[in-house]
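Given chain A, put chain B in place with the hints provided.
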Amino acid sequence: MKRFAALIAQLELSNKTNDKIAALVSYFEEADAQDKPYVIAMFTGKRPKRPVSTALVRAWATELSAIPPWLFAESYHSVGDLSETIALILPPPSQLVERPLHQWIKDLAQLNGKDDASKKDFILKAWDSLNTQERFIFNKLISGNFRIGVSNKMLVNALARQSHTESSKIMHSIMGRWDPALISYEELVEGTHVNTDSSWPYPFCLAYALDSQPETLGDTSVWQAEWKWDGIRGQIVKRNGELFIWSRGEELVTDQFPELHFLNDLLEDGTVLDGEILSIKDGKVQAFSILQQRLNRKTINKSQLNDAPIGFYTYDLLEHLGKDLRQQPLKQRRKLLEQVISNLHGQQTVILSPVIDFDSWEVLASLRLGSRDINSEGIMLKKLDSMYHSGRKRGDWWKWKINPYTVDTVMIYAQKGSGRRASFFTDYTFAVRDGDKLITIAKAYSGLTDKEIKEVDGFVKKNAIEKFGPVRTVKPELVFEIAFEGIAESKRHKAGLALRFPRIVRWRKDKKADEINTLEDLRQLLEATL
Amino acid sequence: MALITFTSKGIYCKQGDFYIDPWKPVKLAVTTHGHADHVKWGNDVYLCHELTKPVLLHRLGADLKIQTLRYGEEITINGVKLSLHPAGHVIGSAQIRLEYKGEIAVVSGDYKVADDGISTAFEPVKCHTFVSESTFGLPIYKWQPQEVIFQQIRDWATQNQAQQKTSVLVAYSLGKAQRLIHGLSGNEPIYVHQSIANLNDAFVAAGVKLPQTVRITTDIRKEELQQGIVIVPPALADGRWIKNLQQAATGVCSGWMQVRASRRWRSADAGFALSDHADWPGLLSAISATSAEKVFVTHGFTATFSKYLNEIGIPAEEVKTQYGQEEDDAPLTDQVPEYTEETKEHTD
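These protein sequence lines are chains A and B, in that order. Each residue of the first sequence is one higher than the one before, starting from 516 at the first, in this note's numbering. Each residue of the second sequence is one higher than the one before, starting from 6 at the first, in this note's numbering.
Bear in mind the hints are in silico, worked out from the structure with no lab data behind them. Errors might be hidden in some of the hints.
Computed cross-link-like contacts, DSSO-like style, restricted to lysine-lysine with a CA-CA straight-line distance of at most 30 Å [stated by the list, open to error]:
(1) Lys966(A) / Lys45(B)
(2) Lys29(B) / Lys969(A)
(3) Lys1024(A) / Lys325(B)
(4) Lys299(B) / Lys969(A)
(5) Lys931(A) / Lys29(B)
(6) Lys976(A) / Lys45(B)
(7) Lys170(B) / Lys969(A)
(8) Lys976(A) / Lys32(B)
(9) Lys325(B) / Lys931(A)
(10) Lys227(B) / Lys977(A)
(11) Lys312(B) / Lys966(A)
(12) Lys312(B) / Lys958(A)
(13) Lys977(A) / Lys29(B)
(14) Lys977(A) / Lys312(B)
(15) Lys976(A) / Lys170(B)
(16) Lys976(A) / Lys14(B)
(17) Lys312(B) / Lys969(A)
(18) Lys977(A) / Lys170(B)
(19) Lys982(A) / Lys147(B)
(20) Lys19(B) / Lys977(A)
(21) Lys517(A) / Lys29(B)
(22) Lys147(B) / Lys976(A)
(23) Lys170(B) / Lys517(A)
(24) Lys299(B) / Lys635(A)
(25) Lys14(B) / Lys982(A)
(26) Lys29(B) / Lys976(A)
Looking at chain A on its own, in the form it has when it is part of the complex (with noise of 0.2 Å):
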């Protein structure tokens, strides 16, 4: 446990990723043996069955601790992490005991069906032997949800350091199925439980945002433009008789989109696509909004499948025949593109993502204004003898978004920051009006400067209402617009629905609170996204 304490220490103390994976690379290099895979199961959100409810962990600590459920509540809301404040509450640990990490994970799967009182005997023998670094990862370990920073990406390229392994054939082991208790490191890196040969994807090509007028591009003649669709970016590889989905983060994601396993069949072997994972109902594309009722789940129901059908949107071809096309011109590859996907005969599910007809970049620039009526973010610019590149590289692909949706928004909260702006209101909760009430809408981090930051510090301080533990409630009279990429329907807001990526774009001194926007005004935005 030390050592798996010590990683995950250094985890938190960097936000670099090359000082995260050097981490992981010197952790995967000297751990005991049989803890490793189940660190990379944790790591991969590969849950065991949850042993003990979190009502009862946050009970039995409160009551060791001896102090109030309320300060109790008072002290995870200043942590803000409930396994971090149970180590941080404890009384200190009568005496320190090691055992290995997966001797404890063992242990409390053990736990299940057992009663509460042997349950509650185990994890206050185990607190009590534990220091709060250990204590923290041990309440994480009963939760099972170890989110600390480390995405699939960055754990597949330290093992793929680690075992001077091609990192595609990791991330297509480590998505497969397997059990800790019965693999071994080395079988894990190796992938004999899957054919690793096959699934590899491509590096995606990457576009810059445009950020000059498009009439500096030039000739409107070698450039092909399609619309941005606002899904999940995803290759398509089928080699070998097996298909392999690729997400954006290069993640493997074939499971959770059954809707194209069809392909298996209908694509010859050693064939990519790229495009984009769309959530698609009767022909058209749904919003975002949509889609993300279908993403990161283990299972998938009914309901699901009916209200957020999946689609591919395609707009490029890598592999044909077992051949890499990246070196040919786009205008070539879409000519195949074109003929691969017309032999898809009698589905609606892979479409080709349509090229945009224009002869002049004003005729374009209307058209773009129009993007939002198709659930488009925008439009795509490519040359057409452009090859695909890895990665991003300026020149060749742009992306041509259109501007996000504002609101204007009244200040009703504000919260201090933690850490060195402590004593600085630096969170802030924003509301429309509806009827002659205002509804909390956003919360939003502070887009403002340092200037800013402490007038309305000031403000805030001046005009406290009322305070909930380190909330205050403020006159509602700052107003600040806030900018969004999308609004979703939300059963968990009181307002009914949510904003996505809200954040400040100024502070909007020139208008009172009466002048903000109202409920209806969001609710007729969402109406018209869906």
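Leaving out everything else, chain B in the frame of chain A:
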């Protein structure tokens, strides 16, 4: 008539007609310690511990009128007996004890209970009314013994050296810096930024014994710094100065570093939970040792802490002050944000 009241200028003793740590200019400012949120420029006369005097002269100017006392020495002002007692916060920090007609009040300023070996150790003082800070007034804040933290810092510095990185510790120039210099002796050379060096010189001139440090000047080559530990104030923590060092690892020394979110927020390479404020058990033990019948809770988790004190049978009330915007937060040069509201007067 209460011995202390909370006014828009600061904590006021009516019977003695003086203020304690006022934030607006007054005739007589009794000063607990030299941190920027506890002492302001512009008072006619300052009354403080003899080791706070060099700090005030250094920070507020040489032409101040300062009267000093030793710990335990008693004077009488307009019939109010006044004495200073160690607060253990920084060198020279003092609790102010007031006594008038048998009624005793203690204003503790900032304090910590554990002895850091360089600030005179905290001394509980029996009183009827106690004014306590609550910077870390949540039960999640429990400090490790400082030796444990110093060992962590030493290990970290050794590791940095092996990787050819300069270890840069971020610490407030008054208090934390001297504590580090003292606690890390044996790990010389220790290089200090000039704002810290200047303060150290003032302390040494006043008779404080401090281990040898090296003042960072432009003559010192960056490679040389790699051999030791560098201490800089928070104002430089995110600045170009550290970036200009070829390879530097920064470690923030602050009680806030107890919580992961704060460590991440600071984006330092390391966080060490070393605080000059009392932790939760420290606050509770200090308060109980005073046997106070009434506790006023200032800066920090005031609402939570006073609510808890009331629940465990210690009558407590939260008070708004302008303290608590100091060492763990704002750099020295930063102005405390304007605060114009009238502070409620307590007259019970």
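Against the structure, the hints come out as follows:
no. : hint                   : in the structure
1   : Lys966(A) / Lys45(B)   : holds, 23 Å
2   : Lys29(B) / Lys969(A)   : holds, 20 Å
3   : Lys1024(A) / Lys325(B) : holds, 29 Å
4   : Lys299(B) / Lys969(A)  : violated, 34 Å
5   : Lys931(A) / Lys29(B)   : holds, 25 Å
6   : Lys976(A) / Lys45(B)   : holds, 21 Å
7   : Lys170(B) / Lys969(A)  : violated, 35 Å
8   : Lys976(A) / Lys32(B)   : holds, 28 Å
9   : Lys325(B) / Lys931(A)  : holds, 16 Å
10  : Lys227(B) / Lys977(A)  : violated, 47 Å
11  : Lys312(B) / Lys966(A)  : violated, 34 Å
12  : Lys312(B) / Lys958(A)  : holds, 28 Å
13  : Lys977(A) / Lys29(B)   : holds, 18 Å
14  : Lys977(A) / Lys312(B)  : holds, 23 Å
15  : Lys976(A) / Lys170(B)  : violated, 42 Å
16  : Lys976(A) / Lys14(B)   : holds, 17 Å
17  : Lys312(B) / Lys969(A)  : holds, 29 Å
18  : Lys977(A) / Lys170(B)  : violated, 45 Å
19  : Lys982(A) / Lys147(B)  : holds, 26 Å
20  : Lys19(B) / Lys977(A)   : holds, 27 Å
21  : Lys517(A) / Lys29(B)   : violated, 52 Å
22  : Lys147(B) / Lys976(A)  : holds, 29 Å
23  : Lys170(B) / Lys517(A)  : holds, 25 Å
24  : Lys299(B) / Lys635(A)  : violated, 39 Å
25  : Lys14(B) / Lys982(A)   : holds, 24 Å
26  : Lys29(B) / Lys976(A)   : holds, 18 Å
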